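There are 2 protein chains.
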Amino acid sequence: MDKKIYLNESDLPQYWYNVAADMPNKPLPPLHPGTKQPVGPEDLAPLFPMELIRQEVSPEKHIEIPDGVREKYRLYRPTPLIRATALEKALDTPARIYYKYEGGSPSGSHKTNTAFAQAFYNREEGVKKIVTETGAGQWGTALSFACQQFGLACDVYMVRVSYDQKPYRRVIMRTYGADVYASPSNRTKAGRDVLAASPDSSGSLGIAISEAVEMAAGDPDTKYALGSVLNHVLLHQTIIGQEAIKQMEYTGDFPDVVIAPLGGGSNFAGISFPFLRHKLEGSKNVRCIAVEPASCPKLTRGQFRYDFGDTAGYTPLLPMYTLGHQFMPTSIHAGGLRYHGASVLCSQLLKDGLIEAVAMQQLECFEAGVLFAKTEGILPAPEAAHGIAQVIREANAAKEAGEPRTILFNLCGHGHFDLQAYSDYFEGKLTDHRLDDGIIQENIAAIDMLQPV
Amino acid sequence: MDKKIYLNESDLPQYWYNVAADMPNKPLPPLHPGTKQPVGPEDLAPLFPMELIRQEVSPEKHIEIPDGVREKYRLYRPTPLIRATALEKALDTPARIYYKYEGGSPSGSHKTNTAFAQAFYNREEGVKKIVTETGAGQWGTALSFACQQFGLACDVYMVRVSYDQKPYRRVIMRTYGADVYASPSNRTKAGRDVLAASPDSSGSLGIAISEAVEMAAGDPDTKYALGSVLNHVLLHQTIIGQEAIKQMEYTGDFPDVVIAPLGGGSNFAGISFPFLRHKLEGSKNVRCIAVEPASCPKLTRGQFRYDFGDTAGYTPLLPMYTLGHQFMPTSIHAGGLRYHGASVLCSQLLKDGLIEAVAMQQLECFEAGVLFAKTEGILPAPEAAHGIAQVIREANAAKEAGEPRTILFNLCGHGHFDLQAYSDYFEGKLTDHRLDDGIIQENIAAIDMLQPV
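Protein chains in written order, with our numbering: chain F, 1 to 453; chain Z, 1001 to 1453.
Isolated chain F, as found in the complex:
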């Protein structure tokens, strides 16, 4: 058996899988923050092309991947499924560990999967420019490349602290043709307001979202794009699991457990939903485990309720597990996991007991990431290392039970731009700590004041 299982490009999946079609309890609708009524397409039309709005609420089980998107996917897809033989050996486990590797994409992460789809539909509907925000830079890189490929302009509002600390992410986005602005900027009212109050503001994802939304809303040729959380974003990522299903067939194995880190939810959804489908359809059992950082534990310690998707409170209210939209996680190096809420689809599935969640301290994650690099030869992004830490726990449990369990996880990106985090880890600068209950209660109480339910 080969260590790496490739598919031919003719095996590239024809459809994204829409888990909503198979959910016993359908996701609740987003609400307009003013009227508290479900938002309609007309509310979203200034920001998104109509096809993405349709996908956001689609009841269809399969949504066809357009040829124009499939053609771009062929630049780096199908991605390999790899048997982690070297890691298994190091762990001396009877478990069979497989991982899907998304780090070979033009952005170095899975984000490219939805970037291509979003850029495609925008171009089809005559949009000239897409504006977005980025924190650590993975999403901004992915959208920059996708816009370049589809002939669209791309503006990226990058959180000031990342803009200053990660200049190389900026350089890649520029290489791919995007214009990158530090947020808060003087280009928007939202940015100017922040700068007037705090001239030295280091920014936040919430502020950057506000700036990007403002720029998109003010220009009929410009739309906005989001890199996670929304249903259509999760949908596009299911290409990962759709491929993995075919690749697992070659191995003769089927995963007992599927693992992925969860920030907004698109990475987790991408690998797990096509497998979860077998559970929802009743054909096969599978555990799907979302791994969140202990410093931002919305799934394990948050509440399921309506809350805003952004810090400033501009978005519709979403029914999700949340720590409160004003929750500020302590600084951890997995920037992609520092989000206060979980996607509506993942939240509903967790509430219904169909998926599991675990919170992980960061030292265990970095230890796992280093072991993975030493054995398998791929340095994982800190986000991905959260998943690997849980994989190691499961592999050790299999060893204790003396069972050859099959574990699958998504290695969503490489860590080539995260070496400062590894350096800090080696130098003993990182610590674990338990988030105080009072902080969580306080932030959730703040939601009540806005929107009692």
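One or more hints might be untrue.
What the hints assert, rightly or not - Straight-line Cα separation of at most 30 Å, DSSO-like style, residue types lysine-lysine; simulated pairs:
id: 1; chain 1: F; residue 1: Lys-3; chain 2: Z; residue 2: Lys-1128
id: 2; chain 1: Z; residue 1: Lys-1003; chain 2: F; residue 2: Lys-3
id: 3; chain 1: F; residue 1: Lys-3; chain 2: Z; residue 2: Lys-1004
id: 4; chain 1: F; residue 1: Lys-128; chain 2: Z; residue 2: Lys-1089
id: 5; chain 1: F; residue 1: Lys-3; chain 2: Z; residue 2: Lys-1129
id: 6; chain 1: F; residue 1: Lys-189; chain 2: F; residue 2: Lys-279
id: 7; chain 1: F; residue 1: Lys-3; chain 2: Z; residue 2: Lys-1279
id: 8; chain 1: Z; residue 1: Lys-1279; chain 2: Z; residue 2: Lys-1061
id: 9; chain 1: Z; residue 1: Lys-1279; chain 2: F; residue 2: Lys-4
id: 10; chain 1: F; residue 1: Lys-246; chain 2: Z; residue 2: Lys-1004
id: 11; chain 1: F; residue 1: Lys-246; chain 2: Z; residue 2: Lys-1128
id: 12; chain 1: F; residue 1: Lys-129; chain 2: Z; residue 2: Lys-1003
id: 13; chain 1: Z; residue 1: Lys-1128; chain 2: F; residue 2: Lys-374
id: 14; chain 1: F; residue 1: Lys-89; chain 2: F; residue 2: Lys-128
id: 15; chain 1: Z; residue 1: Lys-1003; chain 2: F; residue 2: Lys-246
Hint data in this document are derived by calculation from the structure and do not stem from the laboratory. Here the structure is a predicted model, which means the values were calculated and not measured.
The hints should help you fit chain Z onto chain F, whose structure is shown.
Just chain Z now, with coordinates in the frame of chain F:
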């Protein structure tokens, strides 16, 4: 036809190809700097394991790849052969452009191919530790990982200026388990001598080689390893071309021209020698073009003669194209190409008119690298961008001639750790300039004083 052509692991080549067996004029022997007589195995034994010394002078055409090396190759090999369809389209050329991509290896470059082989033979012969030098860090990263995989300790002497400017390369090497020292260091006599004279020395590859050699020579359990130039290093890299031969068969094409950048020669040899074999055997014609930086033009403006392999003059005298071992190239961002000489094998082939060479200014290379990133979605290392620039020239020539020529090149590594160079390019800080004839003459004259021929 798929854009990406993979091989099964069962197709992993069984043999490295030794071009010396087919050369009409065999490479001249290295000479002892004192006696001017050919060096023997006993001269090299303190530094290298015996099997590598045998490979260095082997007349055999095929040298079997040990199972222990093939097993490690399977971590990332066979590497894909990719049709550069998006680049072809951007160039509007009738040429068919293919590239072998080595950037998915644990070091992000082709260097891993010889690192595994060297670590394997050292372990087989009971060596406990390997010491090496590294400039930009690609070779040090590759050897760090290979030593980790084979249970050997690894010390890397990293040129001080790189050590300070590329801290993330250090972090990767540490992640892979190596100890990294800034060179010049206080750990060796060579280093202490330099520091005594120049306490603020920023180091050089020549000094780092001297330190690594000194540490290896002084300990019977420790050996030295080199990442390019030597015959056995070039040999190990032919795995690239051996795979590409099989992959090109799937396409139905055979390259009219094979292109790669040349620093010491191992990347160029790796992709081109298995194709050149067809020319040497008289079965097929193929042009093989080595691309060097205009700032370090040993192939196009140097002399073919005996010279030292290192700056300090510790190594045997090698028969090669050289600019003089004291030649200091101006600072360009393709650190891997800043070497004063070319490998003995490449030099002899060039002298005999069997391969071609071209010197390239750096602005054309960065322009090529950016176009490649925008189209194919892989950001190339600046070294690799030299090859791409020549590919573009050939594709444009094919367009002018109206001929569907087939072009193959080796994309030897990604540029994720070279973004400062791209940033400098975008900011207009990089310039082209013609190297003065007087500087070359002066440096070559300096060889004469040491070793008149």
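Going through the earlier hints one by one, which of them does the structure break, listed in rising order?
-> 6, 7, 9, 11 and 14
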